[in-house]
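Trainee: Make a model of the complete structure from these sequences and hints.
As a plain string of letters, each chain reads:
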Amino acid sequence: MEIQKKSISKASLQKLIEKLNANGRKIIAPVKKENLVEFGFISGLEQMAEDYILTNQSAKSAAFPKFEKLFSYEVTKNGITQSDSGNTEFPELVLLGVRPCDADGFTSLSAIFTWDYHDTQYTDRLNKTTLISISCSKCDDYCFCTSVDGHPGNTKGSDIQLTRLESGDYLAEIITEKGITVMNLAPELFANAPAVEKEKYLALVPSRFKAGEIAGKIKSLFENDIWIEQSLRCLGCGACAFVCPACACFDIQDESKGKNGIRLRCWDSCGFSLFTLHTSGHNPREVQSQRWRQRLMHKFSYMPERLDVLGCVGCGRCSRACPVDMNIMEHLINISEVQA
Amino acid sequence: MLEIRQKAKELLESGKVKVVIGYGKSTNNTTRAVFIRKPEDAEKLVLDESCVQNLALYLYKHEVKHFGKEAVVASLPVLRSMLQLGAENQIKDQEVIAIALTPEKKVVELSTFAEIEKHVSLFKHDLTAEEKQLLKKINAMTLEDRWEYWNKEFSKCFKCYACRQSCPMCYCPRCAAEVNNPQWIPVAPHQHGNLEWHLMRAMHLAGRCINCGDCAKACPVNIPLNLLTYQLIEEINNEFKYTAGTSASQNYVLSTWKLEDKESFIR
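Chains as they are written, first to last, in our numbering: chain V, 91 to 430; chain H, 19 to 285.
For the record, the hints were derived by calculation from the structure and aren't laboratory data. Nothing here was measured: the structure is a model prediction, and the numbers come from that model. Take the hints with a grain of salt, since some may be wrong.
Said to hold, decoys possible - Quick list of in silico lysine-lysine cross-link-like pairs, BS3-like style, CA-CA up to 27 Å:
#1 V:290 to V:95
#2 V:123 to H:155
#3 V:246 to V:218
#4 V:123 to H:235
#5 V:347 to H:170
#6 V:228 to H:43
#7 V:95 to V:218
#8 H:170 to V:122
#9 V:156 to H:170
#10 V:100 to V:290
#11 H:170 to V:116
#12 H:235 to V:156
#13 V:159 to V:349
#14 V:228 to V:122
#15 V:123 to H:170
#16 V:156 to V:246
#17 V:116 to H:174
#18 H:170 to V:159
#19 V:228 to V:290
#20 V:156 to V:349
#21 V:116 to V:218
#22 V:100 to V:246
#23 V:122 to H:155
To be verified - To be clear about the criterion: a stretch of chain V counts as covered by chain H if any three or more of its residues have a C-beta under 8 Å from a C-beta of chain H, and this derived list gives those stretches:
#24 312 to 323
#25 344 to 358
Glycine included, each C-beta is placed from N, C-alpha and C at the ideal position.
Mentor: Set out below in structure tokens:
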């Protein structure tokens, strides 16, 4: 559908939040928690963090929480009976103030969760979530969305996108049916869009490399020593994967007591040494350099090849969260420059 | 800084070591671990107050060890980690050369555990006044408040294991958290799983932690894990008069016993 352009004042945005709340929707937005900005529930605009480039963690947990129950089971004489699977009633959520890169992260996640198996737990949650992104007027040295087909005003993945104008009002782009539904809850709060050039209000994120070229190149570097060199300082933790809006790997765990139990899925990371450990004791990725290679190959080669989508939105969260400064943008520039 | 570079260059040029683990500049004007293998690259080494990572964990990393004999730019926590790793038979005497600074900031080369022990004895190892203050604040809470405080902190945990991976003492190829037959620690990052994970990790570090604080620094969600280790350091110090990482020949306090122990069950 064609994007409808409107405008909304700050006061009207506050009223919209009240309206959404009254309508039974929970609102998640960036809030200041001690010295971090993280997503949290809000009931008013004043609770929202003002000065942030990005939240510490991505918005993915709205549709893909760090752990969730898949079903319950009971071991009986006649075998195993399974109950309450996939029928959980998920709440109607509005994610307000996500960045365009975060919204686009759901494109990558959805590609994985609907690829060979349609993961209803994920899609049911996402279907009940409306994404109201706010375009970026600022960026930092870790941002590289423009190198991975993104943009500080990218509307892909968002249902509504707001761009703050100098008047304090927002340009509101209504992008999807879900966005229209939200607007129609209180159409009186939306005014006609002023004649403005959106680009003028967006951060300038320099393009550092071309993702398309990386995809072609990285395949030829499988046996290259670059992976060892780049990952010498890597600790093998999962901080990068867990803050990433496009990392979808999970681990299945059963928790039981006697004959009853629940099956859970929990975030997992290809950086962990156990990730590929076989029951036999063999580990096809036995050292960290192989795991680091997998991380980049998956995001920049396997995903575009198989799912026609990149596994990276250029938010730079992995670099900010890394305890040892594994700067992904720097590593990718490095890859783009290597003579294969 | 120049002296450090000179020393690294000498060690590499003479072939005495194959790699010098130290700190170098990052692209974002901070510092991070670097692995110098050519004498001419010794110029890349830096040493300033931003160089805080405990580099001892790289000593046993597969790809680093693969280069050959190692030297490490060793702050006090690195030296103490080396002694503790020595005490736990994870590195051997004379296996690694430490490039350290004396209290007068002179560069010295320490090749044996005995030399490292002597060097380490020149420094104080008590908790700092600031660390003691933080501990006092936690301990002044009622039991209920403290329980609530830690549960709130642990609720942030998503089990990325950065605390474990950044710790030189967490070298187990298979962590107790990953043993699943029986499953000691629930894997999911829910309240029960997080609480057991952090308490287990803390208890496994009792008498072994050398207080580098890297677990807390590495945590991407800012859980003050150093408060747990401060408490353990104090307990072990008070109860056993024992400081980890001061000798490569002392027995790890929780795996040894003495006939004259004040508890009777030991006899």
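Trainee: So, for every hint listed, does it hold in this structure?
Mentor: So, going through the hints one by one against the coordinates:
no. : hint           : verdict
1   : V:290 to V:95  : 16 Å, holds
2   : V:123 to H:155 : 20 Å, holds
3   : V:246 to V:218 : 18 Å, holds
4   : V:123 to H:235 : 17 Å, holds
5   : V:347 to H:170 : 26 Å, holds
6   : V:228 to H:43  : 25 Å, holds
7   : V:95 to V:218  : 23 Å, holds
8   : H:170 to V:122 : 16 Å, holds
9   : V:156 to H:170 : 16 Å, holds
10  : V:100 to V:290 : 20 Å, holds
11  : H:170 to V:116 : 22 Å, holds
12  : H:235 to V:156 : 22 Å, holds
13  : V:159 to V:349 : 17 Å, holds
14  : V:228 to V:122 : 18 Å, holds
15  : V:123 to H:170 : 12 Å, holds
16  : V:156 to V:246 : 24 Å, holds
17  : V:116 to H:174 : 20 Å, holds
18  : H:170 to V:159 : 22 Å, holds
19  : V:228 to V:290 : 12 Å, holds
20  : V:156 to V:349 : 26 Å, holds
21  : V:116 to V:218 : 11 Å, holds
22  : V:100 to V:246 : 24 Å, holds
23  : V:122 to H:155 : 23 Å, holds
24  : 312 to 323     : holds (count 4)
25  : 344 to 358     : holds (count 4)
Violated hints for the displayed structure: none, as all numbered hints are satisfied.
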